[in-house]
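Participant: Which chain is which? The protein sequence lines are V and C, in order. Position 285 of the first sequence, counting from 1, maps to 285 under our numbering, and the rest follow consecutively. Position 46 of the second sequence, counting from 1, maps to 1046 under our numbering, and the rest follow consecutively.
None of these hints come from the bench; they were simulated from the model. Be careful, since some hints might not be right.
[What the hints assert, rightly or not] Dumping the calculated DSS-like pairs for lysine-lysine here, alpha-carbon to alpha-carbon at most 25 Å:
| hint | chain 1 | residue 1 | chain 2 | residue 2 |
| --- | --- | --- | --- | --- |
| 1 | C | K1072 | V | K30 |
| 2 | V | K245 | V | K44 |
| 3 | V | K30 | C | K1096 |
| 4 | C | K1111 | V | K138 |
| 5 | V | K44 | V | K30 |
| 6 | C | K1089 | C | K1114 |
[As the list claims (entries may be wrong)] Some, not all, of what chain V presents toward chain C, calculated at C-beta under 8 Å:
| hint | residue |
| --- | --- |
| 7 | V5 |
| 8 | K20 |
| 9 | S58 |
[Unchecked claim] Just the calculated beta-carbon pair ranges, DEER-fashion:
| hint | chain 1 | residue 1 | chain 2 | residue 2 | range |
| --- | --- | --- | --- | --- | --- |
| 10 | C | F1120 | V | T90 | 21 to 31 Å |
| 11 | C | N1070 | V | T37 | 29 to 39 Å |
| 12 | C | R1080 | V | N43 | 36 to 46 Å |
| 13 | C | D1124 | V | T143 | 41 to 51 Å |
Idealized CB from N, CA, C, for every residue including glycine.
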Amino acid sequence: MRERVPDDIVEDILGQLPVKSLTRFRCVSKSCNSIITGTTFINKHLKLNLNQCESLISTNTRSGYLLYATKDKNSSSLCTVVCNNDRTLTQVSWFEMPSFFDECNIVDFCNGLFCLASYEKELCHIIYLWNPSVRMFKKLLATPFTDKDTRHTTSVMGLAYNSQNNDFKILRIVTVLDGQEAEAEIYSLSADSWRRFFREIMLPPNSLDGVRGYFGELALFKGSLAVFIISNEHQGILCHIWFMKEYGVAESWTKKYRVQTDWLCNGDFFGCTNNGELLIKNDTGLVSIDPESQNQNILAIEDANWLAFSANSMESLVLLDGGFLSSQIVTVISSDFGHIV
Amino acid sequence: MKFCTVKQYFDDENNNNVTNGIATTVIPLPNKHLKIKANNKEMEQYEQELLRNVMPQELTKLILAANYLNFKEALDFFCRTVANAIQNKSVDYVRKFFGLESDFEPGEEEKLCKEFAWSFEGVDED
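So here's chain V without its partners, still in its complex pose (with noise of 0.2 Å):
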């Protein structure tokens, strides 16, 4: 009689597949479903993916990811395109958006999981987590601001994950009155609840001295929290950039450069790439600027309404309990599992 694989064995050799083959797989048996769906396979995927993508980096295989949404008439879709080190981008995977999402933006994404919401209405109170590599979502009503005057209010949203306890993690802060004012909440999926808190984070000291008419934007910039504060001077559009030094240490902030933007005229600004490029979509196109050497390289994506960089290719196995997406449009052009053997 033929002797079977160990189960171990057979764990092992799933935890190496692609999300579309896992998913499928769950029919195989009982047992392979319950694997499948596991908390601890799950992650052990994820941080799986997570290692074999930094390392195509740290070879030099590959400079990372940039995801955007586009838009047309009919709907939106989100897209993944991998930097080779030449400069061109080739394309990875294309998702449609389910049109209820139309009304909302992506807002941040990590490790696979999208966040999206509107901030025209009602400042983000209605939130989507969407995993479109699993086809699910869920939505989640935040705490609804319509008692404040909400003219003066803006808020912001991030995604997370914390790997010591596997859990993804929203923040979300609404400020009132320019800032003089704040609320925060944390929203935890593995508990799927929301909870207040308050935590201050001193901006650089004087960085808004004699400082007219600026806005700014925080990021991460080669792996430190950064702050853009762009504002309108004599000399034209400026960009200051603070970095962090030592993260939540006020005094470490340090002054890294100063850039003239001209590039950000009219423009949006979307975060860094892991080598300290900003993501810029201007009168120009969609951009990114080495803000060493001022340099601006146009990206070859014909538009976009969200851009983003993300170091790895974002394939996830987390199930959201919101609902499934049938009708969702999927190309997958070429499975970055691919590169195990």
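Take the given structure of chain V and dock chain C to it, following the hints.
Facilitator: Same frame as chain V, now just chain C:
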């Protein structure tokens, strides 16, 4: 550690775990590993050549042999090869491959297949 198990293999008279054919594939691997350990690319090429003519079903025997011999590198390599081989295969193929049977309640399996119909697109024919 590896060599202790090999000795035990040769001492066992009726050994069903490792047939002769498999032994000639798996056992030379440690030596080869030691010789070209530094050069990953060369090892990859050697491994590809080794498995070029091996049918996927034979891989389960190789896995069992490598597992019995406690040979981690070979086991890892065979598992990676299997993962690549079954990636685009059907549910039935995977069941046969691993010797598994469907133990779902009536209707359960159909429900899952329907929910994830998209994952069945473009699958290789059996």
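Participant: Give a verdict on every hint.
Facilitator: Now for the hints, and whether the structure bears them out:
1. C:K1072 - V:K30: 28 Å, violated
2. V:K245 - V:K44: Roughly 31 Å between the alpha carbons, so the hint for K245 (chain V) and K44 (chain V) is violated.
3. V:K30 - C:K1096: Roughly 15 Å between the alpha carbons, so the hint for K30 (chain V) and K1096 (chain C) holds.
4. C:K1111 - V:K138: 20 Å, holds
5. V:K44 - V:K30: Cα-Cα ~20 Å, so holds.
6. C:K1089 - C:K1114: 18 Å, holds
7. V5: At about 6 Å, which falls below the 8 Å cut-off, the nearest Cβ of chain C leaves the hint on V5 (chain V) intact, so it holds.
8. K20: Holds, about 5 Å.
9. S58: 15 Å, violated
10. C:F1120 - V:T90: 21 to 31 Å: Roughly 26 Å apart at Cβ, these two residues keep to the hinted range, so it holds.
11. C:N1070 - V:T37: 29 to 39 Å: 31 Å, holds
12. C:R1080 - V:N43: 36 to 46 Å: 20 Å, violated
13. C:D1124 - V:T143: 41 to 51 Å: At 50 Å between Cβs, range holds.
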